[in-house]
Amino acid sequence: MGMVGMYMGLLQVEYLTPVVGLGHPSLWIVSVIFGIAMGTLIGAFQGVLIAFLNIPSFIVTLGGLLVWRGAAFLVAGGRTIAPMDETFALLGGGSFGALGETGSWIFAVIACAFVVWAFVNGRKSRQKHGFALRPVWAETFVIGLICTVIIGATAIVNSYIWPKGNIEKYYASIGQELPECAKDNDTIYQGVCASFGHGFAYPVLIMIAVAIAMTILMTRTRFGRYVFAIGGNPEAAALSGINTRAMTVKIFALMGGLAGVAAIIGAARQNSATNAMGQLDELYVIAAAVVGGTSLAGGVGTIYGAIIGALILTSLQTGMVLIGFGDGSYQRIVIGVALVLAVWLDIVYRKRIK
Amino acid sequence: MVDRTGTPLVELRDISIAFGGIKAVDHVTVDLFPGEVVGLLGHNGAGKSTLIKCLSGAYQKDSGQILINGEEVEINDPRDARALNIETIYQTLALADNLDAASNLFLGRELVGKMGFVDESAMEAETRKIMGRLNPNFRKFNVPVNMLSGGQRQSVAIARAVYFNAKILIMDEPTAALGPHETQMVSELIQELKAQGIGIFLIEHDIHNVMKLCDRASVMKNGQLVGTVDVDKVTDEDILGMIILGKKPALAA
Ligand SMILES: Nc1ncnc2c1ncn2[C@@H]1O[C@H](COP(=O)(O)OP(=O)(O)O)[C@@H](O)[C@H]1O
Ligand SMILES: [Mg+2]
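Going line by line, the protein sequences match chains A and B. For the first sequence, position 145 matches number 145 in the working numbering, and the numbering has no gaps at all. For the second sequence, position 227 matches number 1227 in the working numbering, and the numbering has no gaps at all.
Since the hints were made in silico from the structure, they are not lab data. We put the beta carbon where it would ideally sit given N, CA and C, even for glycine. Check the hints yourself; a few may be wrong.
The following residues of chain B were derived to be distant from chain A, with all beta-carbon distances above 10 angstroms [stated by the list, open to error]:
#	residue
1	1035
2	1057
3	1071
4	1098
5	1099
6	1117
7	1121
8	1124
9	1231
Beta-carbon label-pair distances, calculated as ranges [claimed, not checked]:
#	chain 1	residue 1	chain 2	residue 2	range
10	A	316	B	1076	18 to 24 angstroms
11	A	322	B	1113	43 to 49 angstroms
12	A	146	B	1206	27 to 33 angstroms
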């Protein structure tokens, strides 16, 4: 839970960029590594305070939030640092920061193959130990459903055509003449020109990669199981020989590293870094996790649940913006109410099944 | 009859531990031989749990020695104890409520496959095996243990201690949450483990179980050892007298 405190501090990382010099090819790699490393270090440091000095994690997180944000302001002197390195900015998405149509279809096929493989593997392992198996038709149905969703999502992201300006930029960059159809907004969506679908944006791919890696880490490794055990009963975990202090430091370091990834995407997306970036996101992150079924008391929750929670909250917000509902303050009120409502429904539902 | 001529399996010598001025365990010496069941008795707060936690690694003694097979050992944490084949069923059970039976059984000692990933199916299969032996009625393998009854939870804790081939077993009130039938099964289990040469420290309040299962009984009061008696040579009233009065009966050896 104390994962978000250091979210912000990392953003100063990007202030390095102007120092090293613009456009240098190693720049984006250095920024990325530096961002993640810095997040990890800050997280580990806060973890040490919690684990070895027994300061409550909430306090350390809150203190860290203030300290690192203050530090970010000092470093930048309150200015906005822009623009970012061009390659780095691709990590934020946009027409050029996406897979494109063909790439997206290849990705979809690989994803489907992976789903099939995962199901077959799971089935084999249950078979080996003689556990009850779900009927083949049921599993085939589930696989089909997941693949349909993947293909559908691909079709949707591919149907978003590049804006005219970017198509012009593209042809200019490869030194070719702009085709006729791309010169007109009416014809741009037809024929050859329509092959300029966005496809999956890089930040989405990063999210998928992180989600898969974290899910494996949390469910398939000792580390992940210990995280859940400590969340459920720290005393029992310690009595089972788990080094709970070392675990606390590692967990916070991991969260810091992930906050670093978030900071990278955030800065790349805005193509700038400000000390105010990500403000309030700490709270939205908690809200998303809770809506997605994570227990604040610890020990319960899933990665995909948190992602769904985040999707629900952002859909709500974007939806309100699109239909032009109220201004920022109304939207916050709605989200706040939705959060409390979601948790209340969850409590009612849990009581029912008991 | 237990052979007590050789080296004891466990010797706790002159163990003391205090919590902020309260002497929870005050210069207590007890020992345990292979194939022996030693009962630890006394009122609540006598220091029984605290004493055995020094052996299981949950607490660090302030002073005294721990010897295993005649050799002094350092037990600084639960991992050290497990490495010495000491397994413990805690009074609180020490289960992670949000995890299922298999996850609890293997907590800290997960089975991992070739790639270093936890092999859940293998752990569940092993759990089914041992539970089939200890508690054949147990069915709830895929729910968190907080959905289980007290007796079922207790059997998970017992399975965890028994599964890893303990040489020294510590059972802190293992039958507290059990019905008569399950208590009977635990009694049988204790006798079976004893026959395999395992040494057992058993903390137990029911004097009939003590008379039936234990070879010797060590009685504590206010952190101090009242005395240790051969269960064969005394009556249950003698032992109750020790617990209540804090005095060793004159006739006992
Ligand atoms: N972690 C602890 N902190 C402070 N006091 C403790 C702690 N553990 C045990 N005690 C105290 O030690 C004494 C012995 O407790 P315990 O060993 O649990 O008794 P028993 O198991 O014989 O009922 C009690 O007075 C208890 O309050
Ligand atoms: Mg006790």
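Hints versus structure:
no., hint, in the structure
1, 1035, "holds, 26 angstroms"
2, 1057, "violated, 8 angstroms"
3, 1071, "holds, 21 angstroms"
4, 1098, "violated, 4 angstroms"
5, 1099, "violated, 6 angstroms"
6, 1117, "violated, 4 angstroms"
7, 1121, "violated, 5 angstroms"
8, 1124, "violated, 7 angstroms"
9, 1231, "holds, 30 angstroms"
10, A:316 <-> B:1076: 18 to 24 angstroms, "violated, 52 angstroms"
11, A:322 <-> B:1113: 43 to 49 angstroms, "holds, 48 angstroms"
12, A:146 <-> B:1206: 27 to 33 angstroms, "violated, 55 angstroms"
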